[in-house]
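Given only the sequences and the hints, what does the whole structure look like? Please build it.
Protein chains in written order, with this note's numbering: chain L, 33 to 286; chain R, 4 to 1035.
Think of the hints as simulated: they come from the structure by calculation, not from any bench. Built from N, CA and C at the ideal position, the CB exists for glycine as well. Among the clues, some could well be false.
Computed Cβ-Cβ distance ranges for the label pairs, DEER-style [stated by the list, open to error]:
| hint | chain 1 | residue 1 | chain 2 | residue 2 | range |
| --- | --- | --- | --- | --- | --- |
| 1 | R | Glu875 | L | Glu197 | 19 to 25 Å |
| 2 | L | Asn94 | R | Asp427 | 17 to 23 Å |
| 3 | R | Asn839 | L | Asp131 | 42 to 48 Å |
| 4 | L | Asn94 | R | Gly393 | 52 to 58 Å |
| 5 | R | Gly743 | L | Arg211 | 40 to 46 Å |
| 6 | R | Ser440 | L | Asp67 | 39 to 45 Å |
| 7 | L | Gln114 | R | Asp715 | 40 to 46 Å |
| 8 | L | Asp67 | R | Arg93 | 56 to 62 Å |
| 9 | R | Leu748 | L | Pro158 | 51 to 57 Å |
| 10 | R | Gly393 | L | Gln114 | 56 to 62 Å |
| 11 | R | Asp528 | L | Asp67 | 56 to 62 Å |
| 12 | R | Pro29 | L | Asp224 | 58 to 64 Å |
| 13 | R | Gly359 | L | Asp131 | 56 to 62 Å |
According to the in silico footprint, chain L covers these stretches of chain R (three or more CB under 8 Å from chain L) [stated by the list, open to error]:
| hint | region |
| --- | --- |
| 14 | 269-276 |
| 15 | 602-615 |
| 16 | 760-768 |
| 17 | 874-881 |
| 18 | 997-1007 |
Below, in silico cross-link-like pairs of lysine to aspartate or glutamate (EDC-like), each with a Cα-Cα straight-line distance of 16 Å or less [as the list claims (entries may be wrong)]:
| hint | chain 1 | residue 1 | chain 2 | residue 2 |
| --- | --- | --- | --- | --- |
| 19 | R | Lys496 | L | Glu286 |
| 20 | R | Lys496 | L | Asp271 |
| 21 | L | Lys184 | L | Asp222 |
| 22 | R | Lys605 | R | Asp556 |
| 23 | R | Lys375 | R | Glu385 |
| 24 | L | Lys281 | L | Asp67 |
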Amino acid sequence: MVRMLRFLLVAPLAIALLALHAPGSSPSSHRGRWDERLARLDPVRPLDYLELGEEVADAAENEAERRLARELFGLAGALDTQRLGRSAMLALAQFAANDEERARALAAAELTGGRGGTARGVRAEPAQLEALSRAISFHRRGDGRRALGALKQDGADALLDVVGEALAGGADVFREECRSMRAGGPALADADAVGRGIYVELALRQGELRSPGLDLVLEGDAPLLEIDLADPIGTWGVDPSRPWWRGGKWSGNE
Amino acid sequence: MSMTPEKRFLGIDRLPSSDRGALGLPEDGQLRSGQVEAALEQLVDIIARHPLGGSAEAKRLAARLEHSADRLQAEIALAGKGPLHPAAARRAARRLQASSADAAPGTSASPASPFAAPSAPARPAVVAPAALGRGTGAGVGLTADDLTDFDRVALAVLVVSGGWNATSAKRLATIAGEYGVAVADLEKIVLGLTQFLSEGEGLRGAMGEVGESARTTWMASPRQGRVDAAENAVERVFSRINDVLRDEVGGGSDAARMRLTVIFTLFALSWVAALGYIFFGSSGKGDAAEDAASRAPVGVAVSEVAPPARGDVDANGASVAPIDALAAPAKFPRPPGFTPSPTPPAVIESASAAAGWIADLEEAVRALDASKGRFDGGSDAERATALVSGALARAADAWPAAGGYRADAVRALGAVARASLGADSLRRLMRLVPGSSADVALGTRPAWQRVWRQAFGAGCLASIVVDPTFSPEIAAAAREELRQRNLPIPRGKVADPFGTAAVGALVATAPALAEQIVFGSSSLDDVARWNEAVRAAASTPRMRIDAAIAGIDAVLRAPGALDKPGPLVDTLAFFIRALDFTGRGAESESVRGALATWLLDKNIPPTRIWVLTSLLDADLGIAWYGPDLVLATNAGDDARADLAERLDRAFPRLTTTIAGEAVLLDPEPYQAWRLALDEVWSLESGNEVERLRNAAIALGVMRAYRGHERGDARSAQSGLLVLEEVLSREPEEWISPPAGVRPGLPASGVSDGTFDAEWRANSSAAARLEAVRNLRARPAAGDLGPRDAQVAAREALRASAADVRQELCAVLMDRYSNGPEVLRALLDALAEGRGNEEARLFIGTMADATVAGGDWIADARRALLTKIVSLEDSAANAVDLACADIAEQASALAAAFGRMDAGAAGSAARPERVLATLGDAMRDEAATRFLAEPFPAPVEEIERLRNARRSLARSVTQRMAAETPAILDYAAMLVASRQPSLQSRIAEIVAAARALRAAAPSASDQLMGDLYSALSILDLGLAPKPTERAGG
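Okay, here's the thing in structure tokens:
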């Protein structure tokens, strides 16, 4: 009986304690488990930030920990851009919310410590290109069904995804137009759409040696990704003058 | 044939005989000091780069060039055309030192020398034209020894005042009388000196000696005017009367009383007589003069009545204002000032063991690690304490002589701080840093060394406080120690925390040092050591200048007499010489401010300001400071305020020297440049074609800059013409196809579908042949409608009846091969699948291309597409044309930067490649320029980023935009190397360009923005050539 009473008293307390320490219970508790190691970080050893960031990223179970990992990578990169900048930025790229953010992070990695790789513009395999060319021709003639059929051959669909924006304002728009065409219907009357098909196909066929005008049609005039390395907060998302973890937050030494 | 030095080092047969020619400068036109220096530097640089650049032959050639430059500099200085370039001044200083060394006994004064003078020339003699006649030519045969005292002073005044002008005339007129030289003779003397300078050889290497002796003469001569003499006489008479009266009154006898009565009676009578004469006497000459003046005819110009003497106008014919009554400057038996004593040998010896300080501090870190970071009294902790305190004490006693070891010691101290754990340990460590009041009170160190310790301690602690890499606990301990020592605690970003804090601590001791000099407890040695510490700690000119200002301030407020020779006035003169009065740098602003503050500060008596201004006047290195800026000893507040205002006006402004190294243009080309820039800034940039066009124009205008820089007027003009040429194109010219082939048009009056209807109406061969013949018969037809074209193309490739198919092919080839609809229809017809040999030949003919191979369909499509595009007006053609313009201008600009191979490529090359070549060319040019520190970034970093951007670029516009940041950076580097004073403005443009680039919505925006920014930077490097001499 006494044992039963003791169980009844202790069990809720134990459950409450367990709940308090269970994974995912609260963001602050998750950041709290790194407190001791965070407090030992010293900006004289920026590599420690990167290594701890990797550990936090591996073990992250919620947004607070993922944010902490990002902050650690950011501080590592900001404190020693020359040595750790590229690694830190590549690590940050894995947290990117979308492709654009990821591309930006990768570009930043290149600018902070890249040695000059080679970026390739749009390129197509010959069979892929022939299939897409047929699709464009059928689309121009108003034969949507056969255009869709051509897209299914030799990976033309994948190439359409790459050049769809230049071709028709998006690959899905092109496919949708093909689907909506009736059999035996009239040829495409939109001069602009006809012209885009001509220029995109020629640009693809001319490859790297295409003229600037054709290149602009195919690749567009998007800006070259640029980051301002003189602005560490904008680049790394952290303030490198506050590298000390004190009282559960990043602070300076004043 | 042996190779001459000129041929070997400069690639020319022989050096031209004229100085201008030798330096490659234009034979005509006014030169600037900076221009001469730039030319000299370029040639000396070429010589130095030669593998034999260190040979005696090379040195002789460089010396010849230097002599040519010196002669030109002297001409420029005498003509008053702008300030002397610092490099020329430094060279003159080196010569002075060399000549001083040569002047040692037994060297220059050799009796064998025809110019050796056994004693100084007699004072009344002047060199003047008469003396010049002694040689075979003007000036030849004369040396500096032939100059009289007055000649030397006059020469120095002429040089520092920028030649014969109103300022120098005023100064020379003031002193001429004191040397027995009539003002009327002044101009002759000046003429003689000018010839002596410009043509004579005697001054070479001796200008410094002339200047120094002039300074001594200026300061030491009695220069007692008639008024001074009269004042002295009156003073002596009154003193005598005073003595007599004192004796008589003090005597107390009857005889004395009688004599006193007689004296006072006579005195009273003399006063009555004097008053009567003043009030009732005849007006005499004064009245006569007034009468004469009143009888003068009304309306006669003043100038006619009293024409100005020739001496009232300067060399420009500008009127020289009458000389105001000036305050007599303070005089000293020798020029105040002193040469700092060398660093004491003990300090040098201690500093030579500086590596030991670092080793001890590193050892202390290990000992501290062994004691777990605690200064807790354990053996390891005690050892660490001894090591730290010993090393820091030695460093504090000798740091100004330790060079880079000082920074290493501070870093090592930081390592010790990092190894310390716990607040108590950190507190103890900070107390070990020398310079606390308890520390400086210990021992028998000289006063200057105690000051050194204070400054060292302040610098060490500030370095820890400001460095964000120290933990908050360490920083807090250092801050607390600074608080305990009553030292200011630095906050925020400080570029050089040690220097700032150490100089601050030294400045704080300046008043005490000045007082100790007054009381004799400190000497000029202490001032020298104080100054040595300032120079070692200050990392910027601003810090040094602020310290010198603080030194002057302390001397002016010290209690001792300043108008008597002694260490106090020597200290004042020493600090004055440490200041920058040229107005060249931003630092001179603080000098200007300090001068005004002293003049207006009522706590500083006017007598002290009188001495200060007298010393400034006496310093012939401060060219703009004249005797009219000396404050009178009895000056009131108004006079001080007035002088402060005049002094502020006279102080040279930065703008007067900023164009020193600018590319100077005549008014007309400068106006053309400005108009072109205005036009560029106002160009529309709404689409990518306009932006690319603008980029090409910007490159053209950059070519114009380069042309001006190289003195190539044709190239400059051709660059500006690009603007007109590109903007004059009609819109149709932009979009029309480059080959000029016009597309065929459908026949008018025939509706689309006619051929289709005829084809469908009857499927017999004869009917279809008829339909095909109708196609041929269409009047003036070059194309079909889409529907007819589709049918014609399909049947031309696949019609079952061969004769019909062949006829259709023939018609299409004959009449419709330039028809865009027909060609498009053929392209689409190819999508149906493989055609036969006949179809291949037919397509080849239609596309004007050879179509061959097993997979000929791909070739055929490509040929057809190319032909279709070549027949159409399109924006792509405009883009191609703009890019061709970019390539053409960039290749021409690269050629102007020395890449002649780029010039051959012209517009046919790919624009991104030509821009890359341009970047390379500008980098190569920038690499030849000297900058004290890389600006805006080291070349390696610019190139690294350039490569990184290339790796990110995908499109042509992006690849072009990957090159332009480097072009911008190199433009900044080139202009900054010519005009370092522009760095801050250029840096602003570069930073703005970077921000603009990051926010640009397109690659063409980035391209255009970068080139526009580069153009803005180049614009800073151009300045209009002055049409008449400035100043006077």
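Comparing the hints with the structure gives:
| no. | hint | in the structure |
| --- | --- | --- |
| 1 | R:Glu875 to L:Glu197: 19 to 25 Å | holds (22 Å) |
| 2 | L:Asn94 to R:Asp427: 17 to 23 Å | violated (40 Å) |
| 3 | R:Asn839 to L:Asp131: 42 to 48 Å | holds (47 Å) |
| 4 | L:Asn94 to R:Gly393: 52 to 58 Å | holds (54 Å) |
| 5 | R:Gly743 to L:Arg211: 40 to 46 Å | holds (42 Å) |
| 6 | R:Ser440 to L:Asp67: 39 to 45 Å | holds (41 Å) |
| 7 | L:Gln114 to R:Asp715: 40 to 46 Å | holds (42 Å) |
| 8 | L:Asp67 to R:Arg93: 56 to 62 Å | holds (60 Å) |
| 9 | R:Leu748 to L:Pro158: 51 to 57 Å | violated (35 Å) |
| 10 | R:Gly393 to L:Gln114: 56 to 62 Å | violated (36 Å) |
| 11 | R:Asp528 to L:Asp67: 56 to 62 Å | holds (58 Å) |
| 12 | R:Pro29 to L:Asp224: 58 to 64 Å | holds (59 Å) |
| 13 | R:Gly359 to L:Asp131: 56 to 62 Å | holds (59 Å) |
| 14 | 269-276 | violated (count 0) |
| 15 | 602-615 | violated (count 0) |
| 16 | 760-768 | violated (count 0) |
| 17 | 874-881 | holds (count 6) |
| 18 | 997-1007 | holds (count 9) |
| 19 | R:Lys496 to L:Glu286 | holds (12 Å) |
| 20 | R:Lys496 to L:Asp271 | holds (14 Å) |
| 21 | L:Lys184 to L:Asp222 | violated (25 Å) |
| 22 | R:Lys605 to R:Asp556 | holds (13 Å) |
| 23 | R:Lys375 to R:Glu385 | holds (13 Å) |
| 24 | L:Lys281 to L:Asp67 | holds (9 Å) |
In this structure, the earlier hints numbered 2, 9, 10, 14, 15, 16, 21 are contradicted, and the remaining ones agree with it.
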